[in-house]
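Novice: Now for the letters of each chain:
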Amino acid sequence: MHMENHSESSLMQALAQRGVSRRDFLKFCTFMAGTLALPAGMTPKIAQALESAKRPPVVWLEFQDCCADTETFLRASNPSVATIILELISLNYHETIMAAAGHQAEALLEQTVQEGGYITIVEGSIPTKDNGVYCCIGGRSAVDIVNEVAGNAAAVITVGACATWGGWPSSRPSPTGAKGVRDVVKGVPIINLPGCPHNVVNSVATIVYYLTYGSLPDTDHIGRPLFAYGKRIHDNCERRGHFDAGQYVEIWDDDASRKGWCLYKMGCKGPETYMNCPTVRFNDGTNWPVGAGHGCVGCAEVGFWDNMTPFYKRLPEVPGFGVEVTADKVGLALTGATLAGIGVHAVASTIRNRGGRRHPGEEAASSEEDVAEEG
Amino acid sequence: MAKIAIDPVTRIEGHLRIEAQTDGGMVTDAWSSSTMFRGMELVLRDRDPRDAWVFAQRI
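Residue numbers (my numbering), protein chains in the order written: chain A, 178 to 552; chain B, 1347 to 1405.
A few of these clues could be false.
Restraint-style ranges between C-beta atoms, simulated for each label pair [as the list claims (entries may be wrong)]:
(1) B:A1366 - A:N460: 39 to 49 Å
(2) A:R435 - B:D1394: 23 to 33 Å
(3) A:A217 - B:S1378: 51 to 61 Å
(4) A:A276 - B:S1379: 19 to 29 Å
(5) A:G364 - B:L1388: 48 to 58 Å
(6) A:E325 - B:L1390: 29 to 39 Å
(7) B:A1351 - A:S198: 40 to 50 Å
(8) A:R200 - B:Q1367: 53 to 63 Å
(9) A:G196 - B:S1378: 32 to 42 Å
Beyond 10 Å from chain B on every Cβ pair, some chain A residues (computed) [claimed, not checked]:
(10) P366
(11) H398
(12) F404
(13) N413
(14) G423
In short, the hints are calculated from the structure, not lab data. Only a predicted model underlies this, so the values are computations on that prediction, with no experimental measurement involved. Glycine included, every Cβ here is placed at the ideal spot set by N, Cα and C.
So that you can see chain B by itself, here it is in the shape it has in the complex (with noise of 0.2 Å):
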């Protein structure tokens, strides 16, 4: 039994952390997290809603 970790998952947008238990060379249960957080929807409330898109595709 052990457990990795790999993170930063590279190569992809964002970030990513992946932990995962191991048992004779098979992964036997895995959890993901998204290390990073800003608050988009907190950000964009009481805005002028012809505001909005140019928020939400800065995601």
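Bound conformation, chain A alone (with noise of 0.2 Å):
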């Protein structure tokens, strides 16, 4: 603050008149570094690019959402976080918050199209049925206003279920024929950060490689980055230990559910579902579904209401999963899907970490298929 007043960016000049020092940014540059699995090395790299980044217009489009990704993205409990993102970012767009409304709302989109180089986030999905009638904005079909919009920008980032493939409103029987921006906007680099909702350690994690590398970070076979859906959920869950050990919660409330054991045998989808919950969890960091004592819902994964449910049916009784097999079995099958898609940089990473290692939970699992069929 005092020596280096001569060279202090405009960036840091804003956050401090925001009460965020420049301890607080170093420290935010530190956990992007972390979350996208960056060497910390990273850290001054992504802190010299964010300081002298020229804040890139974001229009935020919502379509058939919940706004729960909203309220995900303005819910970063981290105030130096949150400030820091909008700091770095100038939110054109948003139809929830911002102040004008009308046509005045639709200038401003218009103006910002006409600009360009600006990241397109949106949420909801995008209804394709009779002519796109079940969602339109200022008199214009989503499918219009996404094509447009989306399909202009420099960069497409989608956050939630609905808005990467169509999430709820696309199930089973798809009643408006919803679909992801991936499936109707065509030509434009898009990232996809499912969840239900994603979490915006994921979001911001994003904008900051974007602003540190000016492109967006590698992605899987369906556009997730690595960073942040590389990962089985299973494979580091905090209750795994209990897996390996064959300790499972058997029925709500039971002295094992009491006792934190594993989710499994309640339906926990996490043995096939790739994102960091366990490692950053949410709403800054304070918890997590398992965390919380109720097995994942897989909601990172593409289908998930319809080739997930029932929920609380444990894996193997999924329908889609006809065989009896261990955990370890599905998630295996499922990894090599997902292999076929990426980097080979990320294969070897991936076999690394599971390849060849036959650990306790393979025979807890096969006790406990013994008991299932005993039942």
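Both chains are sitting in their own frames, so use the hints and assemble them into the complex.
Specialist: Shown next, in the form of structure tokens:
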């Protein structure tokens, strides 16, 4: 603050006015380097890039949504993180929080699109049935709007399951023909942050990566960034030790549930879901579903509303997993599918994580299967 | 007599359009429309009832 006043960036000045110190800012950059799985030595580079970055205009579109991803984004409960990101971008259009309404709001959107070079964040699915009549804003259908606005963006970030692949509006029987952005808009870089909702840490990290490198982070076969969706929930779960030891919750509120044992038998979909929930958690790292005592519902995966329901049936009995297999075998099969689409580097690290490792968990799972057959 | 339309109505959760008939600066009639439909009830049909809350809280 004192010695380096002469070189202090406008970002630093803006943050200081909002009570965010340089120390807070560097802590944020370190947190982002960690989230993005970059070496700690990258922190100064991120800090430097953010300080010199031109604030990109951001247009946030909401279609068939419940606003949960907006809530998530605004609910970055650590005020310095929220302040920093809102200083880093120029949020030109966002229906739920913008001051303008009606034609004034639409004029702002039109102006941003004409000027170009903006990032579009999309929340909510796009109904395609009956000429897109099921979602209209300013007299235009969501299909029209997303094609114009996302179609001309420098980059598109989808937040949440609905914008990524259609979410629950697209689940059986899909009354409005809801689709994700990737199925409607072609020819523009799209990064998908599914989840129901997504995690603000991941959307902020994606923006920070974009501002630092000028490109979007590496993704898997369905466009999810590997830093956030590269690891299986089951492998990083705080209750994994109980799975390995064959210690399961059998009915809600039994002694095992009070002890925080594994929720696999209660329908946890952690063994086939890829997201960083166990490590970054939600609400500024406060907790996550499994930590709160409920199994993972698999919300980071495409089609989970149909493929992973009933939510309280354990994995092998969920339709689509017809054979009795252990959680690890389910995970391996899915990993095989995931691996097909991602880079060699990621393949190597995933195999290193899992390959050849035969741990007590498989035994535990086998004996648990026997129990199930007897019952 | 003039008809005005405010669409989108911002700072609310969801999509809303308001049309108002005005006469001499006074609103004489008004219509509101919710301009988005997903069909939650149709999606909930034929599912395990224990799953209903997970869907319904995403309204």
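Novice: Could you see if the CB distance from B:A1366 to A:N460 stays within 39 to 49 Å?
Specialist: holds (40 Å)
Novice: Are all C-beta atoms of chain B more than 10 Å from that of A:N413?
Specialist: The assertion about A:N413 holds, with a minimum of 23 Å to chain B.
Novice: Using the Cβ atoms, figure out if A:R200 sits within 53 to 63 Å of B:Q1367.
Specialist: 58 Å Cβ-Cβ, so the 53 to 63 Å window holds.
Novice: A range of 51 to 61 Å was offered for this pair. Does it hold for the Cβ distance of A:A217 and B:S1378?
Specialist: holds (54 Å)
Novice: So the hint says 19 to 29 Å: do the beta-carbon atoms of A:A276 and B:S1379 match that?
Specialist: Hint holds: Cβ distance 23 Å, inside 19 to 29 Å.
Novice: Quick check on a hinted range of 29 to 39 Å for A:E325 and B:L1390, using CB atoms only.
Specialist: holds (33 Å)
Novice: Holds or violated: the 48 to 58 Å window for the beta-carbon distance between A:G364 and B:L1388?
Specialist: violated (33 Å)
Novice: Between A:G196 and B:S1378, does the beta-carbon spacing fit 32 to 42 Å?
Specialist: holds (41 Å)
Novice: According to the definition I'm using, a residue is off the interface if its beta carbon is farther than 10 Å from all beta carbons of the partner; does A:F404 meet that for chain B?
Specialist: holds (26 Å)
Novice: A:P366: least C-beta distance to chain B exceeds 10 Å?
Specialist: About 27 Å separates A:P366 from the closest Cβ of chain B, which puts it past 10 Å; holds.
Novice: The hint says 23 to 33 Å between A:R435 and B:D1394; measuring C-beta to C-beta, is that right?
Specialist: For A:R435 and B:D1394 the Cβ distance comes to about 25 Å; the hint holds.
Novice: Any Cβ of chain B at or closer than 10 Å to A:G423, or is the non-interface label fine?
Specialist: Non-interface label stands for A:G423: nearest chain B Cβ at 25 Å, farther than 10 Å.
The structure fails hint 5 only (numbered hints given earlier).
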